[in-house]
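Protein sequence lines correspond, in order, to chains A and B.
Quick note, the first sequence lines up with residues -17 to 161 if you use the numbering used here.
Quick note, the second sequence lines up with residues 622 to 1190 if you use the numbering used here.
It is worth saying that the hints were derived from the structure and are not from the lab.
As the structure is a computational prediction, the values presented were derived from the model and not from experiment.
You may find that some hints are simply not true.
[As the list claims (entries may be wrong)] Which stretches of chain A does chain B cover? Using the computed rule of at least three CB atoms under 8 Å from a CB of chain B, they are:
id	segment
1	2 to 15
2	50 to 57
3	135 to 146
The beta carbon of each residue, even a glycine, is placed where N, CA and C say it ideally should be.
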Amino acid sequence: MAATKHALVAMVTDKPGVLNRIASLFRRRGFNIESIAVGHSEVPQISRMTIVVDGSTTQVEQVRKQLEKVIDVIKVSDVTGEGTITRELAMIKVKTTSANRSEIMQIVDIFRANIVDVSSDSVAVEVTGDEEKVNSLYKLLRGFGIIEIARTGVIAMTRGGVSSSMMEVKQSKTRTKKK
Amino acid sequence: MKMTGAQIICESLLKEGVEVIFGILGGVILPLYDTLPQYPQLRHILVRHEQGAAHAAEGYARATGKVGVCFATSGPGATNLVTGIADACLDSVPIVAITGQVIKPLIGKDAFQEIDITGITLPITKHNYLALDTALLAETIKEAFFLARTGRPGPVLIDLPKDVQINQADFSYPEKLNLPGYKPTLKGHPSQIKKAAKLISEANQPVILAGRGVNISGAYKELKCLAETAQIPVVTTLLGISCFPESHVLSYGWLGMHGMAYANMAIDAADLIIAIGMRFDDRATGSVSGFAPNAKIIHIDIDPAEIGKNVRVDVPIVGDVKGVLNELNKLIMPNEHIAWIYQLDQWRKEHPSIIIRDCDEVLPQYVVRQIYEKTSGDAIIVTGVGQNQMWAAQHYFFDKPNSLITSGGLGTMGFELPASMGAKVGCPDETVWCIAGDGGFQMTIQELATIAKENIAVKIAILNNGFLGMVRQWQDLFYEKRYVATPLNCPDFVKIAEAYCIPGITVKYKRDVGPAIEKAMDEPGPYLVNFMVEPEENVYPMVPPGASLAEVMEEPKKGVSKWQPQNTP
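All chains, please: the whole structure from these sequences, using the hints.
As structure tokens, this is what we get:
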């Protein structure tokens, strides 16, 4: 089966060591993390991780099920596909000269990116978009000479009025309360 | 009411129904040990090495189904538990390990005997805790026991800094748990169960493949009902042995590397495999690509991650085996598979697999069979790992539910002695035989001291062949008999036992085997029999590593040593 990139959204309890548990799982099961982004979710004490993995559907399903076995992981959803918005933020520092600065600025404009820092021999560009957009801009800027690049890793969310994964979490929380 | 952390731990252990703790103390777990005399209901058994504590807790848990408990101090005490914890993890055994830790201000400072045991055991526990707040201890203990025994059972470790044991907090045992990330699926999906029932009714050559999940779930009756109603032959895994009576007309032994040839042939020829509470371990399946080539597979397991992990599955059912089988049995119509069962019986006749050849030497198989006969099959058998384990599993006939205790997944030599100790403590009215090899026995031999001190009436049979036998067998078959590092110079085990005040006897002649076993069983306390068995006896049948089940070797063949292992797992 063909390997494709999958975005997994994991809701995890905000406890020390959770990231370690997840990283350790990936390492020992031989799964590769393309990127991982962690932040707060809309529920207090629960963090949201977006993990991008490369693999066949079967492999990714195995990853998902192994992740769900981690006690601190509440819910994992594979949000790959057309119904998903994915975004990544990157900062790219490019070498410039007075001769090519305006050309760079034009490219940045086309990508609706921003220049966040300018010095005599460099500019820092901030770009937000899906992975492809960031990659395309990077390719175009590479010709000028890249000094450094920092990427956040992808975050993902499903389109429409449904939460990517919290619906079930909230339900299960109320269930436990009723007990 | 204010209590110290140590008191809270003991109170909580009582609430969880703990009767016995195996452990060794040390500097930073002293406050907990100092509190133990206030709780005489908690029997503490001082072992002689922490690995023994973990295996004893496992033996107790495997025999009783209850959670086994072990204590150790920080640093080396904690790391010595690791093998036992890993063993429990791979075989889904519920144990709770409590380790001391240096005081909180010293954590991360490389203090004396400080080690990151939660980090070390992270991949080999179901869950673990570094308890930093005395006020949360009761909750932690409750969670730990709940996690250990529910769903797919497994080991849980709690690391307990010394000051957390000393500090005081209010104690009240929580009634509820807050584990939003833990909701094991117990009930099988009805439409999946329907699909399974349909496949079962359509199958011509079905085989039930039953694993340790049946033992854990206690689904003996349900399994029997399924097999008998639909007349389906039952093959078990190594850890599934004793979940279905081996004397039953539908029992066809166990599969895998040293399973019965006819069991492997049945799996190979089946058109439907109903896998129940097992995980398709490579020692059971042989080469996965050649596994059951003609069969559809129904897989019932409580752990969703096991489904589709190693083999393709046609009908997955996630749930507790007992409940799922109950539901499934409602849909199963009486059936017959006369031709198929006749075929299996033919194979069993042609490939009996467990015939013991007639000779004057003391054959290890004969020793095991004698133990079976002298105990009338009414005993708990605890084995080591390697040849002794395979012979015990092959030549003892297990009719009594949950009567084989063996290290399957991790394959831990040295498991046998402490595990048999734990089993006997958990089931004092049962006869417990520890069937050991001379290699594994020396790995945890120090527990003879514990057995003597606590007068734990374990009967020990050492199948002494002077080799690390299973590895020697591989050297014999696959490395042209180059016996590198496998010969052992064994001490006189009877003298060693005597030094620990445990009586014993060495058996060199076949005629003495039976009487020695009887003598052992007549002794009220522990007893050791050192059987000097045929040194170069091999275990057959054998599926060569990396081969498929159909390629089972039943006896030594000429030219076998030329067989070269390729990518052997």
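Status of each hint after checking the structure:
1. 2 to 15: holds (count 5)
2. 50 to 57: holds (count 8)
3. 135 to 146: violated (count 0)
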